[in-house]
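Novice: Here's the letter readout for the chains.
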Amino acid sequence: MKIVVLVKYVPEPTATWTYADDLTIDRAGVEGRLSELDEYAVEQALQLTEKGLDAEIVYLTMGPAKAVDGLRKALSMGGTSGVHVLDDALHASDAMATSLVLAKAIEAVGDVDLVMSGMASTDAEMSVVPSMVAARLGWPQVTFAAALEVDGSTVRIRRDSDTGSQNVEASLPAVVSVTDQTGEARYPSFKGIMAGKKKPVTTMTLADIGVDASAVGAGAAKSVTASANVRPPKEAGTVITDEGDGAAKIADFLASAKFI
Amino acid sequence: MAPVLVLIERVDGAVRKPSLELLTLARRIGEPAALVLGAVDDATVATLGEHGATTVYSVDAPELTDYLIVPAAEAVTHVAKMLDPAAVLVTSGPDGKEIAGRVAVALDSGIITDAVDIQPGDGSPVVTQSVFSGTWLADSTITSGTPVITVRTNSVAVETSPSTPSVESVDVAFSDLARAAKVTGTTAKQSSGRPDLTDAAIVVAGGRGMGSEDAFALVEGVADALGAAVAASRAATDMGWYGHEFQVGQTGKTVSPSLYIAAGISGAIQHRAGMQGSKTIVAVNKDPKAPIFEIADFGVVGDLHTVLPALTEELGKR
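Taken in order, these protein sequences are the chains called A and B.
The opening position of the first sequence corresponds to residue 1 in the numbering used here, with each subsequent residue numbered one higher.
The opening position of the second sequence corresponds to residue 261 in the numbering used here, with each subsequent residue numbered one higher.
The following block holds chain B by itself, in its conformation from the complex (with noise of 0.2 Å):
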């Protein structure tokens, strides 16, 4: 079977969901090859061998870390020319589909983005993708190069399949293209101890309706209780009520979680773009009118004021 190359992302040195689903998905098509940047651990090649990889390739080079973009995607390319494989995969996300961009331009290939499936077809595989803010499934195939993919997070149920992958260390003469763009400080968040919003199973998100800051607190009360991560609608975050990097909607995050609670949101086309994907929706909002409640499976036209809190304490008796 032909490899399929898989680019993998790790966080604090643990490997993201996210990278688990495209090796999941990977299986369908060939044989899972892991790239990982950065040294590998042991710990790291049993998380992939357990998710099926059977070969996993090391790029460890500080230019990765040094400079934006350019050197991951050479790395990318590296291996994909060594290894002529049925697909490239990669998460979508800023950095993803950057990477898969410039990896495209190198291997004069298609690209398609934000796929939310990937079957086996005739040659090339066949991708779906959810498209005008969701309401469109379309499918495609890519009909000239290698297929460079990114996946939507959340696309599919991880699965396991145990193997033993060897382990190879690929070194990559980068361009001086690649030192161009050079990253001349990072600073690192401070942890809120809740899953990562692209990741995480259930959402309880609040929009304009909270308030006021302070009011989030109501949705961080019900994520707790639930396990769950929080977010905002843009209109929240522009106010400054919740942190930017937890907006869902067309110029935030794409999540498709199993369970997306929405309070005070009315469900503006540009938020559904990001949430629509939701397997189950819940709303809470004032207004019987808002557009949430179309595409809600539970609402409650209420005061999330009383119902949040509320929510909480019947969760913690539950």
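So here's chain A without its partners, still in its complex pose (with noise of 0.2 Å):
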């Protein structure tokens, strides 16, 4: 069998993010990471293999050339190899040129079972790649899975809501994308690190993989960002210490802006 785990290179969460002059993330200003949110996806694909699957763990990653370290971050973790699509034209591709480059690449790599990712990156926050990866590929989507078993033939996850949780299964090859809640992602050993530095990296370009350059990046996006504006700071409120009045302060505070 073959796993296909879906990993993003993204700004470091706790820096200070900005925008570059055509107004998408500045990449190039902050350090990387490979997305908490996908690091989840490496463990429960690792654990699959732990627990008897008979796989092959493949890594696939769509950005610029320091997005590599993402997938050595990955590969330090456990796994096969992984596979870089790596294109100028790429910059500035929306998700609807993201989901087209991962679904092309997916069967660039061939012969997939599962393919597995985060729930969302911790940068663009959409949530949206999964289901249009899974809508390309026209496999069933398996999403937001806080628990999943798979066998030879079969995925079936728990997907938890508001309202309750449901119990989902479909038969492979399906797309599944996983929550925090499936459990802690591993610290790669020494070992491992030393390891996932001799793993195989495949570099594609938009022609390995059988896209043409005017479906991706800035002129292919089907939306714009006009302009975009720090947020004024707030104005500094008020802090007190409690000196044994301040529950009656937030009371009084509460009720000047009306709450009470």
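Be a bit skeptical, because a hint or two may be false.
When the alpha-carbon atoms are kept at most 27 Å apart in a straight line, the in silico DSSO-like pairs for lysine-lysine are as follows [to be verified]:
| id | chain 1 | residue 1 | chain 2 | residue 2 |
| --- | --- | --- | --- | --- |
| 1 | A | LYS234 | B | LYS539 |
| 2 | A | LYS258 | B | LYS277 |
| 3 | B | LYS577 | A | LYS258 |
| 4 | A | LYS222 | B | LYS341 |
| 5 | B | LYS539 | A | LYS258 |
| 6 | B | LYS549 | A | LYS249 |
| 7 | B | LYS442 | A | LYS51 |
| 8 | A | LYS249 | B | LYS577 |
| 9 | B | LYS539 | A | LYS249 |
| 10 | A | LYS2 | B | LYS442 |
| 11 | B | LYS341 | A | LYS234 |
Covered stretches of chain A (chain B as the covering partner; in silico rule of three or more C-beta atoms under 8 Å from a C-beta of chain B) [claimed, not checked]:
| id | segment |
| --- | --- |
| 12 | 221 to 231 |
| 13 | 246 to 252 |
Partner residues aside, some chain B positions facing chain A, computed with beta carbon under 7 Å [stated by the list, open to error]:
| id | residue |
| --- | --- |
| 14 | GLY290 |
| 15 | LEU324 |
| 16 | LEU343 |
| 17 | LYS357 |
| 18 | ASP399 |
| 19 | ARG439 |
| 20 | HIS504 |
| 21 | ILE529 |
| 22 | THR540 |
| 23 | VAL560 |
| 24 | GLY562 |
Read the hints as simulated data drawn from the structure, not as lab findings.
Each residue gets a CB set at the ideal place from its N, CA and C atoms; glycine is no exception.
Make the complex out of the two chains shown on their own, each in a separate frame, by following the hints.
Specialist: Following this line, the structure appears as structure tokens:
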């Protein structure tokens, strides 16, 4: 069996992000890392093989040259190999183009039984790409899994919502996204980091996966950001130290703001 | 005026408040056409009409509850192709975003998620998003296809605009793929009797500083005195002190209530990403350097284990 885990190299969440001149996220100006939410997918893929599923694990990313660091991080946790879709034309691609490129790259990898990803990226936070990739592949989507199991031909998940939880199952091949409820991701061991550096990473261009450059990037984007502005800082509030009257002071504040 | 297709969500047969917010926004850019998944009753039609829906479309089929996401996306796509609307509006949330993503692929259209405002534009509506953990506001438009927009809850005040909608039942021929991810079981959650976290006007949240599961009774006490929803930071849900479905932050829910009371929450960027849009923020924390105080309108440096019960008592007196 072959599992492809979609991983994204994102700006470090604790850094201060800003826009580049073309109103895309300035990725060059901040440190990057493997999206924390994708680490849960890496962890679940590894656990599936450790529980006895006979599977090769391929990590797939698209992004600038530095994005290979995200693949290396995943490979240091475990898995077989990496694929990096690297092409200057990809810059400023929207979710529509991203899902197209990922679906075409999955087809180029070939013989894939299961696609896994995090529930969202920690930069764009859209949560739409897994379902869009599933739509483009024409495969079942079994998404926002809080728990999952896979046997030879079927994937079963638990999907939690505000009103309850659903058990969902589908035949393979399928696209699965996992939430942070699936369990903490492991830290790479020193041995894992050394081994990860030697694992094969293949670079693919748009031509390699059969996508025309006119279908991606800023030119193909179906939405455009016209302006972006730093939200005006909130006016500094009042902070007091509790001297036995903290609760009464809060109640006074709530009354003055007409909440009570 | 062009129709604006609004996907309606219901809980226990009642239209959810976020759907009424969508109808309010839809009226700014066209004529709201409500799409209800499942059978419509008089009460649903009356509520949608009161909030300006001129047409109510109903797709009622067992696939919509028996299979995940895809049947709903195909239903929205079918009605969107029928109407050629000025936009498709869906509530942000796991289901709404995935439905919207598939609709965008099916219509070959642009998609914008987590809108906090929509205004009429030159052709396509102007959509405002709060991005980079709420530190920036960005205005964007969709330049290709039917704009597909998901909207954050509590982004707009619900306004009524009474009309008498026509009701039309629509048959959708679902694909085989729509029947591929089968729901084999459903477990309903016990209702807390408190408002739904994503719709609530007031939210009271506890974090790592709560120190224990039992201490969350203090948060619940304040919440019940205010008629508020209860929330928790990821630190607190990871400890198992409160249910994951109540988690606010980057990996949980995004809320923007009128009032957010944070107790024992330091205010790390991951938490702020989920609550920074709150109109008024009150914080109680024993650490005067906690970043939550930077965004609080009113803060108390003190022990929440004494401040919260005293606040519950104080609220009872007023």
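Novice: Quick one: which hint numbers does this structure break? Sort them smallest to largest.
Specialist: The structure breaks hints 11, 14, 15, 16 and 19; every other hint is satisfied.
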